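Enquirer: Chains as they are written, first to last, in our numbering: chain A, 1 to 404; chain B, 1 to 332; chain C, 1 to 248; chain D, 1 to 292.
Bear in mind the hints are in silico, worked out from the structure with no lab data behind them.
On a predicted model such as this, the values are computed, not experimentally measured, just so you know.
Incorrect hints may appear among the rest.
What the hints assert, rightly or not - Taking lysine to aspartate or glutamate pairs in the EDC-like style, the calculated list, with each CA pair at most 16 Å apart, reads:
id	chain 1	residue 1	chain 2	residue 2
1	A	K337	A	E395
2	B	K143	A	D360
3	A	K115	B	E212
4	A	K206	D	D264
5	C	K53	B	E212
6	A	K30	A	D93
7	D	K114	B	E212
8	A	K87	B	D291
9	A	K68	A	E53
To be verified - Using C-beta positions, here's what the derived DEER-type ranges look like:
id	chain 1	residue 1	chain 2	residue 2	range
10	B	P158	A	P28	34 to 40 Å
11	A	G375	D	M281	53 to 59 Å
12	D	L265	C	G177	55 to 61 Å
13	B	G170	A	D93	22 to 28 Å
14	B	G166	A	P28	47 to 53 Å
15	C	D165	D	L265	54 to 60 Å
16	A	Q57	D	S60	24 to 30 Å
17	D	M281	B	P17	50 to 56 Å
For glycine and all other residues, C-beta sits at the position ideal for the given N, C-alpha and C.
So the chains spell out like this:
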Amino acid sequence: MKRLITISLSIMIAVMFLAPCPVCAKKPVKIGVLVPLTGIAAQGGLEMKYGIEMAAQEKGTVLGSPIKLLVEDTQVKPPIAVSKAEKLVYKDDCKALIGVLSSGVGLALAKNIDKLNVPFLSTHVMTTKFYGLHPMVFRSGQLANDQTAVGNVKGILARPDLKNRTYYVLVHDYSWGHDAGERFIALAKKNGIKIYNENYDKAPIKTKDWSSYISKIKASGADGVYMAFITNVIPVFAKQAADFGLQGKVKLVSAAAPGPLELAAGGTACHGIFGVSDWSWDVNNPTSDDWEMRFWNTYKTIPSDAAVHSYVGAMNLFNAIDKAGSTDAKAIAAALKGISYDGPYGTVRISAKDNCMRNDAVLTETMAAPDNPFGAKVYMKVLDTFPAAELGPPEQETHDDTKG
Amino acid sequence: MMNRTTTIPGIRSGFHPVKIVFIIILLSGLAVFPFVSGNRFYISLITEMMIYGLLAMSLDVLLGYTGLLSFMHNAYLGISAYAVGLFLIHVSPTSFWLACLAGIAFTCVVALPVGWVQVRTGGLAFALLTLAFGMMFHTIVWKWYDVTGGDDGLMGMPNPDISLFGIYIGNSGDPLVIYMFTLIIVTFCFFLTRRIINSPFGAALEAIRENESRAAFIGINVRKYKLLGWMMACLLASIAGALFILYKGYVGPSTMSAFAGAGVLMMVLLGGMGSLWGPLAGAVFFIYIQDYISTMTEHWEIFLGLVVIFLVLFMPTGFAGLAGHIRRLRKE
Amino acid sequence: MKGLLCTQNLCCQFGGVMATHDVCFNVDHNGLTSIIGPNGAGKTTFINIVTGKIGASSGKVLFKDKDITNTPTHELVKMGISRTFQINSLFENLSVFENLRIARQAKVGGSFRIFSLKQKLKPVIKDTWAMLERLGLEKMAALPAKNLAYGDQRVLEVAIAMAGDPKILFLDEPTAGMSPSETHHIADLIKDLASDISVVLVEHDMDMVMRISDRITVLQDGCIISEGTPQEIRNNQQVREAYLGKAA
Amino acid sequence: MSGTLGIIVDITLNSLVLSGVFLIVAIGLNITYGLSRIMNMGHGALYAVGAYVGFSLVASGLNFFAALLIAPLIVGVIGLIIERTIIAPMRKRSMAYTLILTYGLMFFLDGSIKYIWGNKPRFIELPGFMQGTLPILGTDYPVFRLMTLLLIILIMGALMLFLNKTKIGIILRASSTIPEMVSCLGVNMSYVHMGAFVLGCVMAGLAGIIAGPLTTIDPLMGGEMLISSFVVIVIGGLGSLRGAVIAALLVGVVQTLAEFFITDLAMVIVYILMAVILAFMPRGLLGEGKFE
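Chain A extracted, bound-state conformation (with noise of 0.2 Å):
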């Protein structure tokens, strides 16, 4: 009985071995996505394929061929990001990467774009070393640090209730965490906000018990706190805040979007989180309600800011593609310099100096929801908006390939 199974076990292997050789079709562009579907990202980077599928789907076409989109799990790791991103474009040709949730993942790929000679479109990187890294390298989806944080000071000013608190920062433990909390640190200081901990706290990622940091910000005495987490960590903190009896003495504001799924799963706890984003969706516009629609109907996911960032990059994308009438590399990355889209938050540009995207901001605060398709029960509401020109840095042209 062990002996036939050690063979069958064998000719199992051999089959495994030879399987792998793929049947090409029809030439379709095949595009590299990449995207975390497991680890402490995992919601983050589904929401972000499901945008970039569902682009592709709409799009249909690009230069006459079908998209093929090869979706490849970062585990938000970057040497793990590094080698699928090799398999997708040396072993399955693909023209062109998007996608990357972190910014860790983010510049380890930038790092190897010369040996991967693809053009790279970042969906989901707020680190400010994006700015004119590389030719290559080009960023349409989230607002990055420094465009978060002119954002949540202005918002903070903008509000009475918020303006004279002394907020207590707290961050999480990788190169987008300690940005975010220093370009906050910097602004806040120049405009009068009174920052408790100018050495920001820093807690490690895998985080599951803040009873020691919220005891931290309770012996402190600061009434209000800034805090640049991952997204669905975001209504975890929340809620152990809320459970120590915080939510009312402690004002939250977010250097990012807190994704809507974890938001409706903290409830009542994570209400009165303020912080600036590209888009909810309680923005209220034709193309923006008729896109929730659109994505609620396909995913049944609460339509979230990841989705629509990666939606509108995929867009900006094809279109460049098209522009630069074919797939090879330089042409694609000239094409997509100053390219823009008119999708569910107004005009997108990629600024055609330090290949970042510019586009509007909304400041939210999040409340209990009024009934909505999506059954949210809690729901990020559009306090205020922000003209790019107000947020974005001012343009030069820094093609330094060395820089970080």
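Fit chains B, C and D to the known structure of chain A by using the hints.
Expert: Just chains B, C and D now, with coordinates in the frame of chain A:
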């Protein structure tokens, strides 16, 4: 009559003729492969398999030959990779050999005191102590943001040129050069380790594996030899570390994590303990499966778990064991 | 001149139990000394202390007038103190030949040589073959130790202890679980060993002990109750009581 | 908002709660190791399964305390299935292989949790009286955390009674020291091992539903808790219950204080502590293989 003075029953001196032919075919095939296929994905995949094969082999020196289970042997790969990277970034971006030497030397300097503490324990306490030290290194690397780049890993490592005795061989950024370099180094390490395992020193290690207390009672200083075995395994791991950062141009805390450590352990066990080529085969299989399954489906963890459970239950001694099994089949 | 090895009021305590109670024991350069006593008399504990397996609570162990209490085991073996175990403790998966060869190599030295093949250690291999022939095990040289018959394993156990050319050899119940013919074979082997080195035998097989030992020491509850030649011990009242209880 | 007294109360209560959580998770791991000699790497995943099953029960309208009883039983049944299918044949094999087998089991369980319950964090609806906070000496502390502390103390007491007083408990403890002797007394060892493994899984499930709401219920909770419970049982001494209690307190207090004062290097301190203790006491504080 057998020549009494030199033959040891049960051990043939040198390789069995069939094995020699097999090795020659394998090596020449690997050497020719990059020029034939030219597909850079498979070149980098095989380079990664060879590097992790070397790491798995170094763990087998500990587990298969000295009987010491180390949970996070990849920590020493990581330390060496960080040392080489930091040397190239900060000290001198052009001297290739000096950087590798610095990496290996630094890792051995770190591994010695850790080893001295480790060998005071044995069995499961030893394994869990390796977990403690491994997690300590992982956390230090993760928290030391301004030196190691924290969670984003080491960025901006230049690619020096490799030149041997004045002859320029190639730039270490070019995957082909690194592939050949790795092939040569891993083959050299394989035969060197095989030689050491068959030496009197290797025999002393095996005695410790078989029966530690009896080994002490025949005059072997068990702690000293365990420490030497540990240092040898860490040396090989540091060589793999230097190759790793040259191949990938990047190293991060996730390379030194507990899960990656257990992955290396799986390579050794699936490949078959106590035979040097077993872990190499285990590494090839494990990396292929991890890469292949994770592209197939979003829920790759379920299938990876099932494959591991299936293999541990039905292939107890790994590939090496399977080979032995087939040999016995042919004999019957 | 004091003997090769002697202990001065050696004691060892496990929690409350006084396993060995200031034992003064003396062994000279060759000859067979036996230690007998009822179960739990502290015979094995005594050997464990002398051979460094467990630490002594107090008292001293002198070897060639040098204090060796609590020195690590491998140094003791290098000095020439070697022992066997009550329960077989062999290198199971290694071949019989390798069991002896590694013991010989550990004694002769050369374990430090990393690059030369173990086949190259000619003297070690020659001695190993010689020992195998002396013990009649050369036919089973390639067999892994665990596949040997129990009796042969006991012989191998003694052989490994012998491989280090010890000056003094402690045998912990070598004939345990053996058939009469095998016991006879082992008894002759031990007698032959005792001619050139000093052997300390811990044994329950009374007639074998009486037949081959030069001196006998009787232990009870951790202390020596009498010492002497086999004849003195045979008709010693205290020994008979210790063994057969008061009624004798 | 809260004076120094309040901070001290906060820190002490936080460290007690953290120690309690570590204890209840580590005890399960110690039971599976101590009584059935299996180092179960899947223990963290079973802890997560317990939390998720508890969440689903409460979400489907069941009272929290009822879920508190049922969820561990469900995890126990899962443990039984696992033991019968893959753990039992591994009895004769060396420890390294069972480690890798349970490592594969961890991957499988984590993957299935993600498949069944999805990625997003979940929160258990606590009964009304547990949701508010209780003002104690100048700081208000969540009622639920105090309840958790109480529950953990109760559970530990019940476990001690079970192991020391009941007949099964004594058999379990005896078989951890000399298995051969116990089987000679006519006790079927495979049942004992099975029982021990299932008991370990029940404890994991119980820990999940109690500690889950404290931290967060998401697919990654298992992995993090596994490494912390390894640290606890190693410091306390493999297989020793009393050692685990002391170690859980030690690690809980050290980690909370470190997180409060030197936030960034907190975890480095914990691992250095473990390495130092293991270096000088290789068997941990109370580890002699005996199970008491």
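Enquirer: If a hint holds in the structure, say so; if it does not, say that too.
Expert: The hints, checked one at a time:
no. : hint                        : result
1   : A:K337 / A:E395             : holds, 12 Å
2   : B:K143 / A:D360             : violated, 36 Å
3   : A:K115 / B:E212             : violated, 51 Å
4   : A:K206 / D:D264             : holds, 13 Å
5   : C:K53 / B:E212              : holds, 12 Å
6   : A:K30 / A:D93               : holds, 7 Å
7   : D:K114 / B:E212             : violated, 44 Å
8   : A:K87 / B:D291              : holds, 10 Å
9   : A:K68 / A:E53               : holds, 10 Å
10  : B:P158 / A:P28: 34 to 40 Å  : holds, 38 Å
11  : A:G375 / D:M281: 53 to 59 Å : holds, 56 Å
12  : D:L265 / C:G177: 55 to 61 Å : holds, 59 Å
13  : B:G170 / A:D93: 22 to 28 Å  : holds, 25 Å
14  : B:G166 / A:P28: 47 to 53 Å  : holds, 50 Å
15  : C:D165 / D:L265: 54 to 60 Å : holds, 55 Å
16  : A:Q57 / D:S60: 24 to 30 Å   : violated, 36 Å
17  : D:M281 / B:P17: 50 to 56 Å  : holds, 53 Å
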